[in-house]
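Q: Dock chain B against chain A, hints included.
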Amino acid sequence: MTLNWFKFASPPSFYPIAGRLIPVFWILTVILLLVGLYWGFFETVDRLGGNNPQKEYYRIIFIHVPSAWMSMWLYIVMVGWAAIGLVFNTRLSFMMANAIAPTGAIFTFLALWTGAFWGRPSWGTYWDWDPRLTSELVLFFMYIGYLALHSAIDDVRRADRASALLAIVGLIMVPVIFWSINCPDPNQCAALHQRSGLGRMDGNILFAMLTMTLAFWMYSFATTFMRLRGIILTREAESAWVRELLTDGDKA
Amino acid sequence: MLRVFWCILTRDLTLALRRRTDVLTTLFFFVIVVSLFPLGVGTEHQVLRILGPGVVWVAALLASMLALERLFAADYDDGTLEQMLLTAQPLALLVLAKIAAHWLLTGLPLVLIAPLVGMQYHLSETAIGVMMLSLLLGTPVLSLIGAIGAALTLGLRGGGILLSLLILPLYIPVLVYGAGAVEVSVIDLSDTMPYLTLLGAFLMVALIFAPVASAAALRISIE
Numbered sequence: 002m003t004l005n006w007f008k009f010a011s012p013p014s015f016y017p018i019a020g021r022l023i024p025v026f027w028i029l030t031v032i033l034l035l036v037g038l039y040w041g042f043f044e045t046v047d048r049l050g051g052n053n054p055q056k057e058y059y060r061i062i063f064i065h066v067p068s069a070w071m072s073m074w075l076y077i078v079m080v081g082w083a084a085i086g087l088v089f090n091t092r093l094s095f096m097m098a099n100a101i102a103p104t105g106a107i108f109t110f111l112a113l114w115t116g117a118f119w120g121r122p123s124w125g126t127y128w129d130w131d132p133r134l135t136s137e138l139v140l141f142f143m144y145i146g147y148l149a150l151h152s153a154i155d156d157v158r159r160a161d162r163a164s165a166l167l168a169i170v171g172l173i174m175v176p177v178i179f180w181s182i183n184c185p186d187p188n189q190c191a192a193l194h195q196r197s198g199l200g201r202m203d204g205n206i207l208f209a210m211l212t213m214t215l216a217f218w219m220y221s222f223a224t225t226f227m228r229l230r231g232i233i234l235t236r237e238a239e240s241a242w243v244r245e246l247l248t249d250g251d252k253a
Numbered sequence: 004m005l006r007v008f009w010c011i012l013t014r015d016l017t018l019a020l021r022r023r024t025d026v027l028t029t030l031f032f033f034v035i036v037v038s039l040f041p042l043g044v045g046t047e048h049q050v051l052r053i054l055g056p057g058v059v060w061v062a063a064l065l066a067s068m069l070a071l072e073r074l075f076a077a078d079y080d081d082g083t084l085e086q087m088l089l090t091a092q093p094l095a096l097l098v099l100a101k102i103a104a105h106w107l108l109t110g111l112p113l114v115l116i117a118p119l120v121g122m123q124y125h126l127s128e129t130a131i132g133v134m135m136l137s138l139l140l141g142t143p144v145l146s147l148i149g150a151i152g153a154a155l156t157l158g159l160r161g162g163g164i165l166l167s168l169l170i171l172p173l174y175i176p177v178l179v180y181g182a183g184a185v186e187v188s189v190i191d192l193s194d195t196m197p198y199l200t201l202l203g204a205f206l207m208v209a210l211i212f213a214p215v216a217s218a219a220a221l222r223i224s225i226e
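As they're listed, the protein sequences go chains A and B.
Per the numbering used here, the very first residue in the first sequence carries number 2; after that it's consecutive.
Per the numbering used here, the very first residue in the second sequence carries number 4; after that it's consecutive.
If we strip away everything but chain B, and leave its shape as in the complex, we get:
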């Protein structure tokens, strides 16, 4: 079981690293969106400090959603996905491996670049630390929930825009608590604990149910 997981994970990572631009575009999309806001709302430090957490989180939401389209698309186009459905291995496990690879390529870079965008918004060091932690817990949830939508919209025309319509409302809880944790950390660091534990709880629940739901969605999409 673990070997199958590992096999898919390394395969997806290798494939992605052969075509690095895909990974980098997501990352730069995130950076560009975050950089545009100060130009729109003004560069006053006080305003930016208040807007920062929310803007970074919304940008993370959009970036991970844009990348979702590619989660199954390539494998669907060349027929690999169909073969995966036919294997004796549990499909949910294969899907989980694909989601894990997807998160390593699109979610983790966002976490790592967070200090840089945090500095753009004059966030304090503790706030940046909390932001990285909340992104670390939250972005996997985004990938997990998003995978359901990606599986449902597989191979549809206008799939990308449809995907955002289906998935963005489901991202709300992660957004609320992810951005909330950073906002609260400015006032009192000890208050961030409930936010982070809730994000952790979302991650646990999503880890269990989302791969199963995505697997069911894949079976519906490919019949």
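Here chain A stands alone, though its shape is the one from the complex:
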């Protein structure tokens, strides 16, 4: 039996699957969120060890770090789908990229927002031009640019392809931008964020953080698929299968 890789690349066959997957992802999101939040609030130490002055408020990292990770990861996934769309000319890939963008933008904003509340007690300021802060802000601009370009073009095909190209150019530029902000002086680099490593973290904190990351990931799947179904219906509104679906009621 040969596997048909493109079977689910067609909107009519993916639409019902997405519909069946959405509840699964929502349930996973809720379970993981409850576990992660419980663990983050009640099973972790009240203050970080050593001579670290950070107390209760360090729990912001259970939202902050996962959302920062997801914001970057979703951009990569978005560019991946956009590139696949450009190469194979598959409609669903573009819709996928398009559906991911708002969730990614929200996570970027969340990372910045929670970061500001973290920065106030620990650095004494809501905002500073730290490399990671600034590149997260630039990533937010990238998401906004992608969404703005897509919505400015009326012709869907051109909108898809133009914003896909922009996203790819953005992905190439992000590391350059990151390093240029990281080392504004090529002779020496400095940063407010401490160097961190997963291995050096307390086990309970790490567990809560990774659970929250998984929860956010599942949330991204759920919202992306919901948005994707909306996009599919809008774009395929003229096709026979959507008419059939709408007249028979939503069986999927």
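Think of the hints as simulated: they come from the structure by calculation, not from any bench.
You may find that some hints are simply not true.
[Claimed, not checked] Here's a subset of chain A near chain B, in silico, CB distances under 7 Å, partners left out:
no.: 1; residue: 29
no.: 2; residue: 142
no.: 3; residue: 157
no.: 4; residue: 176
no.: 5; residue: 181
[Said to hold, decoys possible] Cβ-Cβ distance ranges computed for the label pairs, FRET-style:
no.: 6; chain 1: B; residue 1: 210; chain 2: A; residue 2: 122; range: 46 to 54 Å
no.: 7; chain 1: B; residue 1: 215; chain 2: A; residue 2: 18; range: 34 to 42 Å
no.: 8; chain 1: B; residue 1: 48; chain 2: A; residue 2: 155; range: 30 to 38 Å
no.: 9; chain 1: A; residue 1: 121; chain 2: B; residue 2: 50; range: 24 to 32 Å
no.: 10; chain 1: A; residue 1: 10; chain 2: B; residue 2: 27; range: 50 to 58 Å
no.: 11; chain 1: B; residue 1: 225; chain 2: A; residue 2: 103; range: 54 to 62 Å
Ideal Cβ placement from N, Cα and C applies to all residues, glycine included.
A: Same frame as chain A, but now just chain B:
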């Protein structure tokens, strides 16, 4: 190949010189923006010396971005661009020629006027020299990256403001090292070398990839 490049370049330059105001408006926009800052932040020499490099570079960014809208617009409106897409010549080369002409008309004047605005900010002669050098290396990168955005937003309503949203974040590395070079030159001239080499590296990379990306963007915009 070279003849095609030359042909497009001279054509664009001739067209622009028949309508000189377009070139001059960009230049004067730059001068006006730079002149407004001292009125806003005060005219103390020390403050101006610190602000100078950054202000000049941000103004250069804005000026070259404003001019980008015209890069393909006229050719798009009268159908010339469509003919260019249909020729057997490599599109990236034609685009590169158009970008080169665009830079000669909007980037080079900024480099040449830099000593004048440098004096407004009481910059030293060495700082002005470094500023001219950094602008000389940096403004072509701005035109090259900007061309991608100009091609993507071709013929859209509100294209200009959209273009700034797409392109300005991508200008950050050039801004950081361009302004950085001038700032450092005040302290120690030998420290400016890494900045200028990095700007040169950006130029090399942009020269290779940006025309190809702009050509792809043009093909997407005109189908």
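Q: Look at each hint and say if it fits the structure.
A: Taking the hints in turn, this is what the structure says about them:
no.: 1; hint: 29; result: 34 Å, violated
no.: 2; hint: 142; result: 4 Å, holds
no.: 3; hint: 157; result: 12 Å, violated
no.: 4; hint: 176; result: 10 Å, violated
no.: 5; hint: 181; result: 4 Å, holds
no.: 6; hint: 210/B / 122/A: 46 to 54 Å; result: 47 Å, holds
no.: 7; hint: 215/B / 18/A: 34 to 42 Å; result: 37 Å, holds
no.: 8; hint: 48/B / 155/A: 30 to 38 Å; result: 53 Å, violated
no.: 9; hint: 121/A / 50/B: 24 to 32 Å; result: 29 Å, holds
no.: 10; hint: 10/A / 27/B: 50 to 58 Å; result: 53 Å, holds
no.: 11; hint: 225/B / 103/A: 54 to 62 Å; result: 29 Å, violated
Against the hints set out earlier in the document, violations occur for numbers 1, 3, 4, 8 and 11.
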